[in-house]
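Peer 1: These are the residues of each chain, in order.
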Amino acid sequence: MNADMVRAEEPVFSMNARAAERAVAVSLRAVSKSYGAFPAVAGVDLDIAPGEMVSLLGPSGCGKTTTLRMIAGLEEADAGEITIAGRRINETPPWRRNIGMVFQNYALFPHKTVAENIAYGLVMRKVKREEIARRVAAVMAQVHLSGLEHRRPAQLSGGQSQRVAIARAIITRPDVLLFDEPLAALDRKLREHMQVEIRQLQREVGITTIFVTHDQEEALTLSDRVVVMEAGRIVQVGRPAEVYERPVNRFVSDFIGVTNAVRGVVTTGPDGCKSLRIGAGAIVPLPLHADPPAGQKLEMVLRPEKIVVNGATPEGWVSIEGSVAHVVYMGAVTYYHVDIGADAPLVAMIPNEQTFGASGAIPIGAPIRLGWHRDSAMVFVPPDP
Amino acid sequence: MRANILTIYVIGVLLFLAAPVLIVIPSAFGQEATLAFPPIGFTLKWFSNILAHPELISAFGNSVAIALMATAVSLVVGTMTVLALRRYEFPGREALRMLFLAPLVCPAIVLATAVAMVLSPLGLIRTFTGLVVAHTLVTLPYIVRTVGASLAGLDVALEEAALTLGANPWQRFRTITLPLLGSGLLVGATFSLIISFDEFTLSLFIVGNGMMTLPLEMFNYVEFSIDPTIAAVSTILVLITTAAILLIEKLGGLGRQFGQSASGGAR
Numbered sequence: 002m003n004a005d006m007v008r009a010e011e012p013v014f015s016m017n018a019r020a021a022e023r024a025v026a027v028s029l030r031a032v033s034k035s036y037g038a039f040p041a042v043a044g045v046d047l048d049i050a051p052g053e054m055v056s057l058l059g060p061s062g063c064g065k066t067t068t069l070r071m072i073a074g075l076e077e078a079d080a081g082e083i084t085i086a087g088r089r090i091n092e093t094p095p096w097r098r099n100i101g102m103v104f105q106n107y108a109l110f111p112h113k114t115v116a117e118n119i120a121y122g123l124v125m126r127k128v129k130r131e132e133i134a135r136r137v138a139a140v141m142a143q144v145h146l147s148g149l150e151h152r153r154p155a156q157l158s159g160g161q162s163q164r165v166a167i168a169r170a171i172i173t174r175p176d177v178l179l180f181d182e183p184l185a186a187l188d189r190k191l192r193e194h195m196q197v198e199i200r201q202l203q204r205e206v207g208i209t210t211i212f213v214t215h216d217q218e219e220a221l222t223l224s225d226r227v228v229v230m231e232a233g234r235i236v237q238v239g240r241p242a243e244v245y246e247r248p249v250n251r252f253v254s255d256f257i258g259v260t261n262a263v264r265g266v267v268t269t270g271p272d273g274c275k276s277l278r279i280g281a282g283a284i285v286p287l288p289l290h291a292d293p294p295a296g297q298k299l300e301m302v303l304r305p306e307k308i309v310v311n312g313a314t315p316e317g318w319v320s321i322e323g324s325v326a327h328v329v330y331m332g333a334v335t336y337y338h339v340d341i342g343a344d345a346p347l348v349a350m351i352p353n354e355q356t357f358g359a360s361g362a363i364p365i366g367a368p369i370r371l372g373w374h375r376d377s378a379m380v381f382v383p384p385d386p
Numbered sequence: 423m424r425a426n427i428l429t430i431y432v433i434g435v436l437l438f439l440a441a442p443v444l445i446v447i448p449s450a451f452g453q454e455a456t457l458a459f460p461p462i463g464f465t466l467k468w469f470s471n472i473l474a475h476p477e478l479i480s481a482f483g484n485s486v487a488i489a490l491m492a493t494a495v496s497l498v499v500g501t502m503t504v505l506a507l508r509r510y511e512f513p514g515r516e517a518l519r520m521l522f523l524a525p526l527v528c529p530a531i532v533l534a535t536a537v538a539m540v541l542s543p544l545g546l547i548r549t550f551t552g553l554v555v556a557h558t559l560v561t562l563p564y565i566v567r568t569v570g571a572s573l574a575g576l577d578v579a580l581e582e583a584a585l586t587l588g589a590n591p592w593q594r595f596r597t598i599t600l601p602l603l604g605s606g607l608l609v610g611a612t613f614s615l616i617i618s619f620d621e622f623t624l625s626l627f628i629v630g631n632g633m634m635t636l637p638l639e640m641f642n643y644v645e646f647s648i649d650p651t652i653a654a655v656s657t658i659l660v661l662i663t664t665a666a667i668l669l670i671e672k673l674g675g676l677g678r679q680f681g682q683s684a685s686g687g688a689r
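Those protein sequences? They're chains A and B, same order as listed.
In the numbering used here, each residue carries its 1-based index in the first sequence increased by 1.
In the numbering used here, each residue carries its 1-based index in the second sequence increased by 422.
To be clear, the hints were calculated from the coordinates, so they are not data collected in a lab.
Any given hint might turn out to be false.
[Said to hold, decoys possible] Within a straight-line C-alpha distance of at most 25 angstroms, the following computed SDA-like cross-link-like pairs (lysine to any residue) qualify:
(1) Lys-672/B - Leu-497/B
(2) Lys-127/A - Phe-595/B
(3) Lys-113/A - Gln-593/B
Bear in mind that the values here come from a model prediction, so they are computed numbers and not experimental data.
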């Protein structure tokens, strides 16, 4: 009962009580898979709500694709349980799982026309000819492909191929839609365009979707929740803002977004307040939520855009002096690499709000003052002592 | 200067390769009753003379039937073999792959002796079945090679996509794998037909009274007679073979099938 209420509060979904009772579309319980001695997936637990779009994010070899392929039935789990719509499907072959999958290189059937490709799932399900024609026309209109019915896959552009692959996967109304890095082959502009299109389509159709990617921006843009994986395990699950703003460890903070990391030692000031002594002597107050023992070596992690340069530092803000070591002008923003006497420079990202910002850049070697809210920083125990 | 020498050399090699054909075909039209080159006069009587030799006609029929059967068996077994070699990982897979190509490199006479030793106690010497079994042994590697090349060019994701879309393994094979292997199957089948039709050494150990193949019947014929009838038969065979090769070239290309990892179906 309690659990239902918690779920019902989730902002993304509005569902009635009956739907809330089985509010898990896909669930993985202690799912593992090894290739020989190599554990590709080592005990993954994950619940995905109906209609939710979840991305599995991680570097290559982290087990995200293997996880997806186990849900599809293209790989067999060594241990654990996978359920779709409440039914255990470990033993169900892929062709009876009612899934849709979009492959990395689209995997369109080269000997079939666009319409035949899209109709394939319905033909296999022995749907009546007239209904196939009707549904193919409808889905082709939905993904803006009308008029290309008789083309062959070889005659399509990357974006069109992508749409055919998606249309083919959703026409059977699958219980879950799986994407295996489908945008990796597209150029940046088209990729960003397809991200928006996929997200809109997914909202429209309301289909539960799992999206594998190694591109953190893509994961943040597309998903209701991001699942960060490393070495076969889930490291963090959360909304995009959560994994970006509050990464649970250095791996996540490094993998998602640009990050500063400087090492220091915890010291206790005369007033009993704890702070971090960095390098030659800069003293940085710790975030309020952290209370490590004095003498501990810690790493402070701070996003470049959280830092302001030569600005006001009201109550609760940290202010330290440094000198400009390097300037990178990026058009919309300028990155200042600032030497604060630590083991690594702090990088501050400053938006170029005014046109004269470029010419008025602070020169290399000039003194500079950096400020940030003390809670913007995070501290982690360094990976190696 | 160097270019001229090279040109002469190339023409020489081409002439050498084409010589048998260039000699046999004109000989078939010579009026003299002995095989002679260059032929004298022009006649078609040696072609009509073929009809006067029922043993040549029946041997031709046998050879066609054997080639068709051996090819059919090779296509089924070869395609299954290639799919198994691709789909399942097991120890010794590479060794097995080599084994299926072994008859290509094994000296024909060794193969023939071994086959005769196996077929003889089974009572398959001088039988149609025995010849089909023996011919399949040499045609199978061609199918494995050509269909294997086609399959290597076929993206695994296509077959996986079929599965996720609701196709069971048989439907997947029928609607995706088989059509995409098409050109490999066709080229392999053509090769297989030619190889079987032309097979001599293996057949020599198996044929006998009442069950002859065309190459051996022709060999028998020239032992006793050297009139140009055999040249006429040869001319017909050359025409059939050339037509077959042209057909393959048109449909897929020999170079692609026997060159680098060919993609027969992925077009």
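Peer 1: Given the hinted pair Lys-113/A and Gln-593/B, is their Cα-Cα distance within 25 angstroms?
Peer 2: 15 angstroms, holds
Peer 1: Sort out whether Leu-497/B lies within 25 angstroms of Lys-672/B, counting only the CA atoms.
Peer 2: Holds - the C-alpha atoms of Leu-497/B and Lys-672/B are around 21 angstroms apart, at most 25 angstroms.
Peer 1: Would the hint linking Lys-127/A and Phe-595/B be met if the CA-CA limit is 25 angstroms?
Peer 2: Distance of about 17 angstroms is within 25 angstroms: holds.
Going down the numbered hints, you'll see the structure goes against none, and every one checks out.
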